[in-house]
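**Student:** Sequence:
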Amino acid sequence: MTSASNKISILKCLSVSLLLISPLCSLAQRADILIKNGRIIDGAGNPWFYGDVAVKKNKIIAVGNLENYRAKKIIDAHKKIIAPGFIDVHTHIEGDEKVTPTANNFIYDGVTTVITGNCGSSNVDIKKYFKRLDSIKLSINVASFIGHNDVREAVLGTENRAPNAEELHRMEGIVEKAMKDGAVGFSTGLIYIPGTYAKTDEVAALAKAASKYHGIYTSHIRSESQQVFAAINEAIDIGKQANMPVEISHFKIGKPYWGKSDSTLGLVKQARKDGFDVTIDQYPYTASSTSLSSIVPSWVLADGRDSIKARLSNPVVHKKIVDEMIDDMTKRQRDDFSYAVVASYSADPSFNGKNISEINLIKGRSQSIPNEIETILDMTAKGGASMVFHSMDEADVQNIMKYPFTMIASDSGIREFGKGVPHPRGYGSNARVLSDYVRDKHVITLEDAIRRMTSLPAQKFGFSDRGLLRKGMAADIVVFDPETVNDESTYQKPHAYSSGFEYVLVNGKLTVDNFKHTGVRNGNVLYGSGHSK
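Note that our numbering has the sequence shown beginning at 1, numbered continuously upward.
Treat each hint with caution, since some may be false.
To be verified - SDA-like cross-link-like pairs, simulated, lysine to any residue; straight-line CA separation at most 20 Å:
1. LYS471 <-> GLY51
2. LYS260 <-> PHE405
3. LYS127 <-> TYR527
4. LYS354 <-> SER289
5. LYS240 <-> ALA204
6. LYS208 <-> ASN233
7. LYS127 <-> LYS137
8. LYS309 <-> LYS382
To be verified - Estimated spans, in silico, between C-beta atoms of each pair:
9. GLY173 <-> LYS441: 45 to 51 Å
10. ARG305 <-> ARG132: 25 to 31 Å
11. SER338 <-> THR200: 31 to 37 Å
Calculated directly from the structure, the hints in this document are not laboratory data. All of these numbers come straight from a predicted model, not from anything done at the bench. C-beta atoms are modelled at their ideal positions from N, C-alpha and C, and glycine is treated no differently.
Could you build the full structure based on these sequences and the hints that come with them?
**Tutor:** Below, the structure is given as structure tokens:
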């Protein structure tokens with residue numbers, strides 16, 4: 001065969017080969033990101049299965065055996081878990097957005113969506129707030145409630161009285177506007193001023209205003225200790241009156257009712273049995289965190305700083321305050337305030353990390369409940385403090401977690417790394433559930449833990465395109481090793497990110513790549529169902 005004939009034969013063979021290969025190539029599907037060889041937990045509570053997930057732009061385009069898919073970026077999950085991004089239903093990020101827009105503490109804990117505006121505290125102008133979020137661009141998605149405390153303060157200030165008809169109508173108008181601007185519901189914080197001054201009928205009226213736009217009622221109830229049963233019933237009753245779903249925030253039980261969580265859960269179970277949509281959320285710790293003023297009688301805090309100082313300086317009123325606080329400690333079965341630890345005290349940061357009993361001694365007072373109360377009132381007069389309260393029992397925490405309609409929440413803002421001595425829940429709530437309560441203590445299964453962090457909150461709050469690994473859903477995805485995921489944050493050393501989340505996608509963009517935040521800020525505002533564009 002001549003050289004020319006040989007070349008012709010080779011070209012013919014190549015042509016035939018290309019004809020055979022071309023149809024096969026045309027069958028290959030294209031994606032931007034392909035996550036392969038993982039154990040898929042789809043978020044619905046189903047058992048895991050081996051498979052792949054394909055992402056294009058901001059959506060999941062396929063889940064399963066995707067051998068025929070090609071992608072610009074291929075991630076080999078190496079049999080690790082592929083799950084929907086976690087939804088934190090109870091946060092307080094207002095004021096933190098510009099400081100840390102990458103929201104590292106949430107992202108490193110697998111959280112891709114947060115709901116803020118809880119405990120009755122929110123921006124009153126939701127439309128303006130969402131526009132600000134759009135301009136800042138966070139690494140996480142954000143939804144918000146409209147908060148009762150701020151609505152009430154906009155109309156009544158911090159006055160301790162009921163609104164008249166015109167004032168109530170103005171508050172209803174603020175709530176309705178917020179719902180039309182995209183709030184997911186109406187929140188209350190009934191231990192905080194000025195919300196604590198509101199009677200049930202006021203709260204129910206405002207809840208009805210939110211219910212018109214298919215909102216959720218969520219509440220930091222009036223009591224989580226002595227009056228907890230009445231407080232749970234009030235929240236459920238408000239939902240019934242307003243004909244709307246109820247979410248009871250950071251469900252817990254303090255002294256003197258340790259061991260009674262079966263009874264408090266029983267109220268929720270009965271409400272669901274009666275046909276009312278009542279769910280709860282929880283952070284997986286035995287300590288809470290809120291302001292120091294929460295243990296001061298609420299009537300003391302009315303009408304602003306000058307009025308507070310006047311009451312504290314009046315000997316007769318001062319004695320009444322101390323007597324009430326002593327009585328409260330007796331009912332709580334507490335011998336001292338060592339359970340109350342300062343997270344952040346701007347008047348004297350050296351107090352951060354110390355408990356009230358220790359601070360009382362530093363101030364030169366002998367140890368007694370009355371003296372420690374004086375220390376608390378001194379700090380309150382100087383602007384108060386953010387606190388960590390070691391007030392719960394581990395058995396109740398586990399019992400509440402076992403309830404299938406308990407969601408996981410952090411009750412945290414976006415942490416500024418290294419600032420103060422905050423509660424570790426702001427860094428490690430989800431990782432703690434996965435490591436401590438799933439892997440080590442076997443309180444709940446891995447699949448159920450993921451369901452509580454994903455599809456359950458998505459269903460409750462109307463995020464129809466999130467919470468599941470399904471074709472057409474938003475590409476919020478986490479990849480982690482269930483054997484190594486861990487919460488690194490502690491009460492003593494809280495500033496530590498969770499470990500184990502190898503990849504995190506938010507709306508299709510790789511936000512954590514090989515355990516490192518990429519700096520990508522691809523979060524969106526998520527609007528409630530009442531939003532009018």
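**Student:** With reference to the structure, classify each hint as holding or not holding.
**Tutor:** For each hint, the structure was consulted:
no.	hint	in the structure
1	LYS471 <-> GLY51	holds (14 Å)
2	LYS260 <-> PHE405	holds (18 Å)
3	LYS127 <-> TYR527	holds (10 Å)
4	LYS354 <-> SER289	holds (14 Å)
5	LYS240 <-> ALA204	holds (9 Å)
6	LYS208 <-> ASN233	holds (17 Å)
7	LYS127 <-> LYS137	holds (15 Å)
8	LYS309 <-> LYS382	holds (9 Å)
9	GLY173 <-> LYS441: 45 to 51 Å	holds (49 Å)
10	ARG305 <-> ARG132: 25 to 31 Å	holds (27 Å)
11	SER338 <-> THR200: 31 to 37 Å	holds (35 Å)
Hint violations for this structure: none, all hints satisfied.
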